Every structure is written in C-alpha cells, then in structure tokens.
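Asker: Chain by chain, the residues:
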Amino acid sequence: MSTEILNGNHTAAYAAFLCDVDVVAAYPITPQTPVVELIAEFVESGRLKARFIRVESEHSAMSVCVGAAFAGARTFTATASQGLALMHEVLHWAAGARLPIVMCNVNRALGSPWSIWADYSDSAAQRDTGWLQVYCKDNQEILDSVIQGYRISEDSRVLLPVMVCYEGFILSHTYMPVHLPPREEILDYAPKKKPSWALNFDAPYTHGNLVLPVHFQHLRRQMHEAMQMARKVIVEAVDEFRKRFGRFHGALVETYQMEDAEHAIVSIGSLGAESFLAVDLLREEGLRVGAVRVRFYRPFPSEELRQLLKEVHSVTVFDRFASYGKGGMLSVEVRDALFELKDPPAVHGYVVGLGGVDVPYTVLADFVRRTVKDYAKVKRREEVIML
Amino acid sequence: MKKVPGIIEIRFHGRGGQGAVTAAQLLAKAAFLEGKWSQAFPFFGAERRGAPVTAYTRISNKPILLRSQVYQPDHVVVLDPSLFAYVNPLSGLNEGGFVIVNTSKDPKDLNIPPNFAVATVDATSIALDLKLLLAGIPIVNTAMLGAIAKATNLVSVDSVEKVILKTWPDKRGEINARAVRLAYESTRIRPAIKS
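Residue numbers (my numbering), protein chains in the order written: chain A, 1 to 387; chain B, 1 to 195.
Possibly wrong hints are sitting among the right ones.
Using 27 Å as the maximum straight-line C-alpha spacing, the simulated BS3-like pairs for lysine-lysine come out as follows [to be verified]:
1) A:377 x A:310
2) B:36 x A:243
3) B:105 x B:131
4) A:193 x A:243
5) B:166 x B:36
6) A:373 x B:3
7) B:62 x A:243
8) A:373 x B:2
9) A:192 x A:243
10) B:3 x B:150
11) A:232 x A:243
12) B:162 x B:62
Calculated directly from the structure, the hints in this document are not laboratory data. No experiment lies behind these values; they were computed from the predicted model shown.
Build the full structure now, drawing on both the sequences and the hints.
Answerer: In structure tokens form, the structure reads like this:
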C-alpha cells in the first residue's frame, strides 16, 4: 500500500484490516475507542469482509472471540484497562482452549481512582493467563506485531492467543509514519488456515468439558511447553518478516549499543525508545551504557537477558507496573533470569510513569548515573519513584 | 533539560474546537511529504469546546525515539490570542524561536520579548471571509499552517496545500488550501533581536 501518518489506534485497525480478520467483537473504552471506530468503518464500507459483533461488555467481547475462534475464524479484538480486567476470566478460557486470538490492549492504569493515562497495570495483571504478550515502542511495531502475532498464534506448535500492548495516548493518539504493506504480501506471510479443531455441525463435538485432575495437569503442561516453543517460533517469524518486509523490532528483545556495554538499561514499551536516547546521552559523558528492551514479556526472555547481561556490572530496570509489597514486576524477573550467572550484575529496579506520568530520557539517565555510582556497594535496589 | 539534537519541536495553543490537534497532524504530514520523520500528538486532559488545548509536532531528519512530552519547543503557535491571559505560550520556548499568533495586530504591538521572533496573521478574518466555520466557530488551523510555513520554512507552503487537498479531496480541501495561501501571503514577521 503506502506509508501513512497514523496514530497507534488507527494502526491497530489497519493491522486487523490487512490481516483480513473474519470476526471482530469489541466494546469501546478510552483510549482504545478509535480502533473499534475505524474497524467498524472498514466493515461498514465493505473494505473488510468481516462480522463486527457489538457486545454489551468486554467479558462478552472476549466470549464472542472465543466462540468465533472455536469456529475457525481469524478473530480480533481490542480493549484497555478496566475492559481487560473485566475480560480476565475469559482470557484464561481462550488460552486454555488453545485459541489463536490476537488482541490489542491499549495500556491504561486501573482505578481507583480513575485514570485515563498509561501504565502497564492492566496487562501485567494478565501475565499468567497463558497469553503471549508483546509490548510496542512505536506505531510501526503495533502493525508488525499484530501481523507477526497471527503467524505465531496460529502456528500449530503454539496455538495460544497473543496480546499486543501499547501505551494509551503515548502511542494510541500519537501520529507517526507507518508503512502499510500490501494485504496480499501480509496474507502470504501469515496465511489464513482452516484449523483442525474448527467446530462442525456435521461432526459435532465439545471443547473444554470437565476433565479429571491428571488430564487437566497434562493440558496445562502442554500449554507451558507451547509457550516455551513459542520462543523458537517468534525468532523464525521475525526473521522471515525481516526478509520479506525489511523491518526488525527485535525478537523477544531489542538491543541498543550492548556490544561493549559495561552498564545496561532494561525496560519495556515506549520507555524502551526513550532508553535508547538515554544511552546516547550517557555515552557522550563517557559511560559505556547499552539498552535492552523487553519486547515479549511472555514468554519471558530469560536466556536472552542472561547472554546479554552476563558481562555488565550493573543493570537499571525501568518498570511501568508495580507489584505492591514487592516492587517492579520486570526487575524481579530480570533478577531471576540472572540468578544462574556465576557473578550476576547489580540490579537496580525503578517503578516509574504510573498513571501516565511523563518519563523523559533525561530522567532515565539520572537513575542510571545513580546506579553507576553505587552499584559496587548496593547489589539490589527496589524503588517506586515519584517524578 | 537537554534537547535531542536534530529534532524541531512545535507547540500549538488553541481552544477546543479550533483545530489545534489537526494542525499538529497536518504539519507532521507535510514534513513527512518532504522526506522528513515526524510525530504529532495532543496533550490529553479534560478537553471540551472552548477550553485551552495544546498539541505538538516533532520534525527530524532521523526516526524520532522521543515518547515524552515537549518541554522546550523551538516554536509556538497561538490560535487564539486571548489565551495569553490564561496560559503562558512562551513557557520553555527556545531563544530565537518563533511565536506565531493569530491576530490582526502587527508583531511589534504584541509585547513579546525581543529574544523571540514574532509572526502574526489574521487567521480569523481569513476563515470568516472564506466561510470556514464549524458549528459557528471560525476554523483557523489551516491558515495558521500557512503562517508557519512562511515564518519558519520548516515545510513549504506547497507541501501544506498538498496535504490538505489529500486529506479533504473535495471543496473543503480547496477552501482550506486557499486559507493556507492567503495566510502565507499576509503573514507579518519581526525577527528575534539577539540580546
């Protein structure tokens, strides 16, 4: 097609359009609403031959997606915040039933009190539902992650749903150049399949019926194995994407200036983009800093982080979500990944930007300077920061 | 705060309904048309018709990694001069940067410190003459883009017109493109005086 100046939400809608989804069921919520509005226009104008099913809540939206995916339809939805929380029960059902649904979640803080601005508390709370989670740093990555998402999700070695997360307003309402490849090229990269499990009126059977404990545990183990297998499928999918479309946002992680880094920043989402600018700033000051942006939060890139961080002295982790009574969720997992190293680096975790607080790269650089100053004495730090 | 080298940041001050957010997007599109990287976003609060609104455009020769707010704009655009009484459009403005104001006044009558450049254009009259109204409010954003092109040379007036005609490929596009051209031709400029 072409390159357009699109906001994150319209990019997500174009992604669903270009992947030729069959069924969309969604309920509008700030800051996701423009995704649903544009998809509705695509369907209404006949450009997208899909069923747009209006529902009365997000719980129903995901339930419709589950039904549609059971029927073998390529299924899409989008939500945010309270809406994702309301879906929670059905998210487990979608993953447990091994349904390849792709959903965009426009990250927004959960109430109380009300906030319409970004943090990852909504999607982080769905970490253990069995969905793959990818976090984007720009609008192009939203498009490309939805496309990659269908290929990964529908791969018979995976068959798990994919949640593509991007921050409300920071990406959802920010206009940037986005290249839209032709639909035929996308469908050749991520072809629609006729799934073997598709419900069939002529040969009826049931899904998800009561099973005995031993069978249940067996199915859950398979889910874990599929998530582990997804690591390989993700790498294949992004390599093939790079070959065909010339773009690469990283596989499970994206790195910047890590080759000779003595100190590292680990972050996620749009903080990752700003962290690359912090690296440039700190290198001007003579500090050998590099950055790792966690792209897939599930499956978690433990092995990638071990390899990338085994030589560095310190790691400064920036989270946009907190586990109250513990600290940053990302820093906990980074520390866990590095535990096996013989001489693991100091890990200083900071929770920043809750409820949309602005986090410029200069602030990230300030915290890295603090880490560099005292990492030899302070092996671990865990702080929720007020900016 | 240290600015990222090579990125030009423009802040728009308007009132809800005047089209500040759209102006920021159109400027980003015009810059992209000229082969630059660009970004546009509004500041989201409790928007409603008539309330002060800000929107931003970033333009660069390289991909833009900034996702944070604009604190030190290179230029500011004021769609409604009455806003000077409520907000400070000069806040954080870089020395030598343009203050581009929708007003019938001459730049020298605006009382703007000499370390900033000033451009004025009577966008409201242009909009009224062309009957560019939405729900009774003159739409001044496209005229302001003509003034931006004239004052800053960040984008050419031709690119702005092209983007407008592409966005509204009908009569609306033609009228808005005319507003751009009229504003471009009638913008008055007072350069910054180095202190």
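Asker: Looking back at the hints listed earlier, which ones does the structure fail to meet?
Answerer: none
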